[in-house]
Amino acid sequence: MKIIGKTALEISDCVRALVQNGTLRPGDSLPPVRELADTLSVNRNTVAAAYQRLAKAGVALTQGRLGTTICAPPQAGEQEGLSIGTALIDLADGNPNPQWLPDPVQVMAGMRDAIGPFLYGDDTILPALREHGQTWFTPDCPAGWALELTHGAVDAMERLAAAHLVPGDKVAVEDPCFLGTINALRLAGMQTVGVGIDEAGMRPETLAAALDKGARAVLLTPRAHNPTGCGLTKRRARELQQVLAAYPDVLVIVDDHFALLAETPYHHVVPASTTRWALVRSVSKGLGPDMRLAFVASDPETAARLGTRLAPGMSWVSHILQAIVAACLASPKVRQLVDHARDQYAARRQELHAALLAQGIDVPAPTGGFNVWVPLDRYARNKDTKNVDAKDVAYALAKKGWLVRIGSAFDVDGGSQAIRVTVSKLQDGQAARFARNLKSCLV
0 MKIIGKTALE ISDCVRALVQ NGTLRPGDSL PPVRELADTL SVNRNTVAAA
50 YQRLAKAGVA LTQGRLGTTI CAPPQAGEQE GLSIGTALID LADGNPNPQW
100 LPDPVQVMAG MRDAIGPFLY GDDTILPALR EHGQTWFTPD CPAGWALELT
150 HGAVDAMERL AAAHLVPGDK VAVEDPCFLG TINALRLAGM QTVGVGIDEA
200 GMRPETLAAA LDKGARAVLL TPRAHNPTGC GLTKRRAREL QQVLAAYPDV
250 LVIVDDHFAL LAETPYHHVV PASTTRWALV RSVSKGLGPD MRLAFVASDP
300 ETAARLGTRL APGMSWVSHI LQAIVAACLA SPKVRQLVDH ARDQYAARRQ
350 ELHAALLAQG IDVPAPTGGF NVWVPLDRYA RNKDTKNVDA KDVAYALAKK
400 GWLVRIGSAF DVDGGSQAIR VTVSKLQDGQ AARFARNLKS CLV
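Per numbering that gives the first Met the number 0, numbering of the sequence shown is gapless, rising by one per residue and ending at 442.
The hints are all genuine.
Below, in silico cross-link-like pairs of lysine-lysine (BS3-like), each with a Cα-Cα straight-line distance of 25 Å or less: (1) Lys438 to Lys399; (2) Lys55 to Lys212; (3) Lys55 to Lys169; (4) Lys390 to Lys424; (5) Lys55 to Lys5; (6) Lys398 to Lys424; (7) Lys1 to Lys55; (8) Lys424 to Lys438; (9) Lys390 to Lys438; (10) Lys332 to Lys424; (11) Lys399 to Lys424; (12) Lys212 to Lys169; (13) Lys398 to Lys438.
These are calculated hints, taken from the structure and not from any lab test.
Using the sequences plus the hints, can you model the full thing?
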């Protein structure tokens, strides 16, 4: 390996070329700053600047006295979704039940006059969705808020992070945390700081600790937390407001992803003193995962920053998609279907929760969402053995015909021993059978 160059740009370009041709591989260490500066007869600040360029480009990772190493190529990470081809009953996919999603073909059949043509320069938000957003968000936002649309909730997280943060910034998130959030922040170069939760949501004392450690943003879920199904109580929201009020410059992102199907009221968590905030509501849980559209209400400055990359000549949300979503939201038939889905998801969660309790498996009662979270760290097979391992339990369940999601996939800092069970496609009798099978895996 021979690194050459006299300027920071030349040195960083040389390292990038060595990575591209395979001379440098992920995990390889770069020479210490002083050593390379002496070799190249340049100032140490020049080498330090070159390494900083490499870190910002995601080519290298700088760790102070631990040195600088070449990064592995970005990976998507574990994803939600179907396990194609599995013979198991899939309780791991995190999906809604397709039977309770509107048929887009039927919706589009009655809206020919509402679809285009749309051109560069058109308003990026259709009037029908702007009106719907005003009705949906006004009760939950302070005066003066502004609206943008993004390509789904995860896209909103990425855009909000890019608007206000830089790679390396710390972001406080719930621990455990939604897979999409973990992956999006990791790929954006952010450092996630796990904040413990309980049945009432994010815990105030652990949030305060994360903010004391320098977190520049907080991302929290007010309802139907994924993976646990917990939701903020009114008291907990007020406690979190009090903590956040001491940090007015911290970006607060509220991911109300399940709002369309929510069974509990929305409790305000953003204090009046917060200068940068956003409330995100996706339609994908109620209308289908492929409806990649989310409403984002925020302070005007944040909306303006989002709008720079969602401009009418750049990357706006498709007006055709907007028209389909608008037609769905205005349809009494679709509204009836969404209401039915909400009731069915609640019934299935309650059925599984009751079945688990009947088997002596103590699980927190979820208040929303598609999932039931089953902590396993309190169980041991007998007095002489350690607590059961979630991987072992998942494997044992697979041998009995069930596919579940291992809780460690959602970990930020902790090492949770739990499984997540998606209930949306449970059929009659399956909850009781699953509970019996799980019980047999714990004894």
